[in-house]
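Number of protein chains: 2
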Amino acid sequence: MKHPALSALGQRATEPPISWLMHTALSRPKLISLAAGFTDNPSLPLAETRALLHGLLRSPQSGRPALQYGSTAGDPILRELTAAHVLKLDAKAVGAMECWRNGASKSSLQNSITPLSHSPARMLISGGSQQLLYLVTEALCDEGDMVLVEDPTYFVYLGIVQNRGLRARGVRLQRDGLDLAHLESVLQSLKRRGELPRVKLLYLVSYLQNPTGVTTGFEKKRAILKLLQAFEGAAGHPIYLLEDAAYRELRFSGGDVPSALAVRGAAERVIYTGTFSKPFATGARVGFGILPGPLFATVKHIKGNHDFGTANLLQQLYVRALKSGIYETHVARLQMRYAQKARVMRLALERHFPPAVEWWGPEGGLYFWARLPGRLASGVKSKVFQTALKNDVLYVPGGICYADDPTRRKPDHEMRISFGNASESDIREGIRRLGAVLRKLV
Amino acid sequence: MKHPALSALGQRATEPPISWLMHTALSRPKLISLAAGFTDNPSLPLAETRALLHGLLRSPQSGRPALQYGSTAGDPILRELTAAHVLKLDAKAVGAMECWRNGASKSSLQNSITPLSHSPARMLISGGSQQLLYLVTEALCDEGDMVLVEDPTYFVYLGIVQNRGLRARGVRLQRDGLDLAHLESVLQSLKRRGELPRVKLLYLVSYLQNPTGVTTGFEKKRAILKLLQAFEGAAGHPIYLLEDAAYRELRFSGGDVPSALAVRGAAERVIYTGTFSKPFATGARVGFGILPGPLFATVKHIKGNHDFGTANLLQQLYVRALKSGIYETHVARLQMRYAQKARVMRLALERHFPPAVEWWGPEGGLYFWARLPGRLASGVKSKVFQTALKNDVLYVPGGICYADDPTRRKPDHEMRISFGNASESDIREGIRRLGAVLRKLV
Chain C
1 MKHPALSALG
11 QRATEPPISW
21 LMHTALSRPK
31 LISLAAGFTD
41 NPSLPLAETR
51 ALLHGLLRSP
61 QSGRPALQYG
71 STAGDPILRE
81 LTAAHVLKLD
91 AKAVGAMECW
101 RNGASKSSLQ
111 NSITPLSHSP
121 ARMLISGGSQ
131 QLLYLVTEAL
141 CDEGDMVLVE
151 DPTYFVYLGI
161 VQNRGLRARG
171 VRLQRDGLDL
181 AHLESVLQSL
191 KRRGELPRVK
201 LLYLVSYLQN
211 PTGVTTGFEK
221 KRAILKLLQA
231 FEGAAGHPIY
241 LLEDAAYREL
251 RFSGGDVPSA
261 LAVRGAAERV
271 IYTGTFSKPF
281 ATGARVGFGI
291 LPGPLFATVK
301 HIKGNHDFGT
311 ANLLQQLYVR
321 ALKSGIYETH
331 VARLQMRYAQ
341 KARVMRLALE
351 RHFPPAVEWW
361 GPEGGLYFWA
371 RLPGRLASGV
381 KSKVFQTALK
391 NDVLYVPGGI
401 CYADDPTRRK
411 PDHEMRISFG
421 NASESDIREG
431 IRRLGAVLRK
441 LV
Chain F
1001 MKHPALSALG
1011 QRATEPPISW
1021 LMHTALSRPK
1031 LISLAAGFTD
1041 NPSLPLAETR
1051 ALLHGLLRSP
1061 QSGRPALQYG
1071 STAGDPILRE
1081 LTAAHVLKLD
1091 AKAVGAMECW
1101 RNGASKSSLQ
1111 NSITPLSHSP
1121 ARMLISGGSQ
1131 QLLYLVTEAL
1141 CDEGDMVLVE
1151 DPTYFVYLGI
1161 VQNRGLRARG
1171 VRLQRDGLDL
1181 AHLESVLQSL
1191 KRRGELPRVK
1201 LLYLVSYLQN
1211 PTGVTTGFEK
1221 KRAILKLLQA
1231 FEGAAGHPIY
1241 LLEDAAYREL
1251 RFSGGDVPSA
1261 LAVRGAAERV
1271 IYTGTFSKPF
1281 ATGARVGFGI
1291 LPGPLFATVK
1301 HIKGNHDFGT
1311 ANLLQQLYVR
1321 ALKSGIYETH
1331 VARLQMRYAQ
1341 KARVMRLALE
1351 RHFPPAVEWW
1361 GPEGGLYFWA
1371 RLPGRLASGV
1381 KSKVFQTALK
1391 NDVLYVPGGI
1401 CYADDPTRRK
1411 PDHEMRISFG
1421 NASESDIREG
1431 IRRLGAVLRK
1441 LV
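The listed protein sequences derive, respectively, from chains C and F.
So the first sequence is numbered by this note's numbering: it starts at 1 and just counts up by one.
So the second sequence is numbered by this note's numbering: it starts at 1001 and just counts up by one.
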C-alpha cells in the first residue's frame, strides 16, 4: 500500500514506463531519441496559427466567445464542421475503394454512410482524443472488467487499463490489421469461461497504428463488428468497437480506409475518436469522438465533471482552421514532410540494420516497427537497449506496448522507432548507431 | 438500469441540474439570466490575448514549444511562475493581516510560508481547476467514501461526488466561513459511527465562495486543519483539506486572506487549487494545484492517463501574461469592473427586494445569495421560480448547492444571483423583475 488515504485507483497509479525514457532523453544532451511520440518541430504551423488567432481575436463578435466558457459537448459550429470532416474522409475513402473494386456493390456501401452515423448530435469535442479514450473507458468499464486490445497497442491506453484496474486480452495483429481468427478464438475462450459479460469493448488503433504502423482494412472492420455482435448474446450487452483514428490524417502513401462508422448498421456499436492536434499542432489540443446515442449523453455528463467543456479558444482556432482550408493545406504539407522523414529512415534502416532484423515501414503515422531475431530481448534491461543507450540512441522497447495478458507470454524482442520529432540528420545518425549495436549483438 | 453495458459510474452519470437552467435561458431570448456562472463579456482581454499570442508565435524559439506536446506536470516555467504567484498572494495577505494585528506573532506567521509549501515541485498545471478537483477526488476516494462539504457548496463538485458514488456530509456555513462547532460535531458523529475511515477530505471553497460569496478566514482555516488532524487517528489516515481558491483573485473589497498553505506545518495536509482562466479568460482554461508530495506523483500519473498534459499553447499564453504583468493589470481592471456590477446589483436589490428577503453581497466573486422568509420554496418547481421564469428572469435555486446528506433536510428557500455575465442594465431589470415576483409571493 503506497499511502493509506489513497483510493484503489490512486494506489494503482504508477509512473508510466515511457516517463523513464523521456527523463533519460532529457538528461543526456547528446542522445538521439527515436523514442518520443512528439511531432515534427520545424513544420509546426506558427504563421498559420498566429494569423488564425489574430483574426479570431480582432473583433469582439468572434473574440469574446473564444475567451468565454462554452458548453460541455463543445462548440456547435466545431461539432458540425468535425462531423462533416469525418463524413468527407469516409465518403472519399469509400469512393476510392469502390472505384478500385470497379463498381462492386457500390450503391449499398455509399448508402451505408448516413447522416445518422456522422451526425453532429453524436459529436463530442474534447481536450485531445486521449481524454475521450479515458471518458469512454470510465463510462463502460468497472474494475475487473475486460477490454480487448491489439497485440501490441498504444501504451498510454494500457496505462488507463492498468490504472482503472481493468483486465486486458491481446488480439494478434497481422500486417493488414487485426487477426480475425485469433479474435474469434479469444472471444470463444472468454465465452467458455463465462467471462464475456465482463468484456465491454475492443480498442482498435485502426489507422497507421501506434506502435506498428499497421492499418486495419475496411473488410476486417466489418468482420470485427460482425464477430463482436455474434458474442453479444452471451455477453448480455453490446460489445463496442472503440476505433482510435488518431493517426488517420498522417497517411502519406496508399489509400485512406473508411472508418467503422461506414459499416452498415454499425453506428450504434462504434465509438470513433479522432484528433485535430496531431495533424496540426500538438500544443493546441483538441480531439473529438462520435458516439452512439445512448453513450453520448453519459460520456458528456462525465466530461461535465472533468472540465465542463474544452477550452473555447482552442476550439475556435480549429473552427477557423477548418473553415479557411488552412487545416487541410497544412495536413497535406505535413504528410509530405513525414513521407520524406520516413524515406530517410527507411534508407538508413536498409543500410545499417543487419538483415536478420525484420522491420517494416508504415504508409503514414510516425513509427517504424522492428523485430529482433531469435527472441533477442529489447527491453530496458536488455543488452541491446543498454548498449544503444551507451551509444546515445533511444528507442521504445516493444514490450511496453503489450497488455498484461496472463494467457500469453509478453513479447520482448521488438522496438518502436519514431521519425516524428528527430531531424533528418538525427534519424540517419540514430539509425546508424542503432544498426551498429544490432550488428554487434544479433 | 440505464444501459446494460455501462459501468457503475456510467450508470450514475446524469444531466446536471444547471444544464436545464442553461437550456431554458437559451430557448427564451428575452429572458435575463442571473443564473450562469459565466464571466463578464465586455471586459474579456481580447487585445491583450491577441498581442501575447502574436509575440509567442512570432519566433520559432518561443512558438514551437507552444505548439508542441509538453509534459504531464506542466511547463516548468509556468509551474515556477505559478508557485511564485501564490507565494506572493500569501505573503501579501499575511503581511496585511500582521499589519492589521499590529505586530502580534508576526515573525512566526511570516516564517510559516516556506519554499516547501509553495514549491514548484508540488505544482501541477491542469486544464482549469475543475480538472484538479476531479483528479484529486479520483486519487483519494473510492465508491462509498465520504467527503465533507460546505452547506451550501459549489454544485459541480457535488456532480463529481454523485457521479463517483461518494457520500457527502454538509458542514454549516456562517457569514465568516465554515462553522467550526458544527464541523467538530460532524466529525464526532462520524467517529461514533465508525465512519471516519471513509472520510478522505474536506472540500472548502474558501474564497468568495460559490454560491454564497462567503470567505473563510485564516484563523478558521488553522482551526479546521487542527480539527481534521485531531480525527486522523480514528480515521487511520490523513484527512486532507481541499482548498478551492477559484474566486480568490476576484476580490474587489476587503483584504485577501492567506491560504491554508500558510498555516505552519499544514503543507502535507493541504491541496490548494486555483485558476488563471476565471480572472483572465475563461475560454483559455488553465488551472493549477499545489499538492503534498506523496499525492503529487499519484495525481500526476492519473492526469497522464487523462490527457498527459494541458495544452501547451494555453500554458505559454499564461507564462507571457504573468511575466509581462498583463495578467496582473487585467485582474486589477476586472476587479473594478465586478465591483461596479456588484454595486449595481446591490442598489437594485435594496430598491426592489422586499425587506423580508435576507440577502448579502460579497466582497468579490460573482454572486449574491438570498434567503426567502418562512421557508418559502425557491426550487425549479416552486411558485417563486415558475413565476420568475414567466417574467423572464432566471436564478440558480439554492437547493442544487446542497449535498445529498441524509442527516439533514435539504434547504430549498435560497437563490444564487449572479452579476458575472449580465450587463448592468440587465442586472437592474432582472432584479426589478425578480423583486416584483418576490413582493407578490413573500
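By construction, these hints were calculated from the structure, which means they are not laboratory data.
Keep in mind that this is a model prediction, so the values were computed, not measured.
Here a beta-carbon is modelled for each residue, glycine too, at the ideal position from N, C-alpha and C.
Some clues are possibly wrong.
Reference listing, derived: stretches of chain F covered by chain C, where coverage requires no fewer than 3 residues with Cβ under 8 Å from a Cβ of chain C [stated by the list, open to error]:
# : region
1 : 1167 to 1181
2 : 1242 to 1256
3 : 1411 to 1418
Here are some of the chain F residues that sit facing chain C, going by a computed Cβ distance under 8 Å [what the hints assert, rightly or not]:
#  : residue
4  : Ala1066
5  : Leu1067
6  : Cys1141
7  : Val1156
8  : Glu1195
9  : Leu1314
10 : Pro1406
11 : Thr1407
12 : Ser1423
13 : Ser1425
Structure-based check of all given hints:
With a cut-off of 8 Å between beta carbons, the region 1167 to 1181 of chain F has 0 residues touching chain C; three or more are needed, and the interface restraint is violated. With 0 residues carrying a beta carbon less than 8 Å from a beta carbon of chain C, the region 1242 to 1256 of chain F misses the three-residue requirement, and the given coverage is violated. Coverage of the region 1411 to 1418 of chain F by chain C is violated. Counting CB-CB distances below 8 Å, 0 residues qualify, and the rule asks for three or more. A least Cβ separation of about 5 Å between Ala1066/F and chain C falls short of the 8 Å threshold, and the interface hint therefore holds.
A distance limit of 8 Å between C-beta atoms decides the matter here; for Leu1067/F the minimum to chain C is near 4 Å, and the interface restraint holds. The restraint placing Cys1141/F at the interface with chain C holds, with a minimum CB-CB distance near 5 Å, inside the 8 Å limit. Nearest Cβ of chain C to the Cβ of Val1156/F: about 6 Å, under the 8 Å cut. The hint holds. The beta carbon of Glu1195/F is not positioned within 8 Å of any beta carbon in chain C (closest approach about 15 Å), and the interface hint is therefore violated.
The interface hint given for Leu1314/F is met, as the beta carbon of that residue sits about 6 Å from the closest beta carbon of chain C, less than 8 Å. For the restraint placing Pro1406/F at the interface with chain C, the shortest Cβ-Cβ distance is roughly 22 Å, beyond the 8 Å limit, so the hint is violated. Proximity of Thr1407/F to chain C is violated relative to the hint, the smallest CB-CB distance being about 23 Å (cut-off 8 Å). The beta carbon of Ser1423/F is not positioned within 8 Å of any beta carbon in chain C (closest approach about 13 Å), and the interface hint is therefore violated.
Checking Ser1425/F against chain C by beta carbon gives a least distance of about 18 Å; that is not within 8 Å, so the hint is violated.
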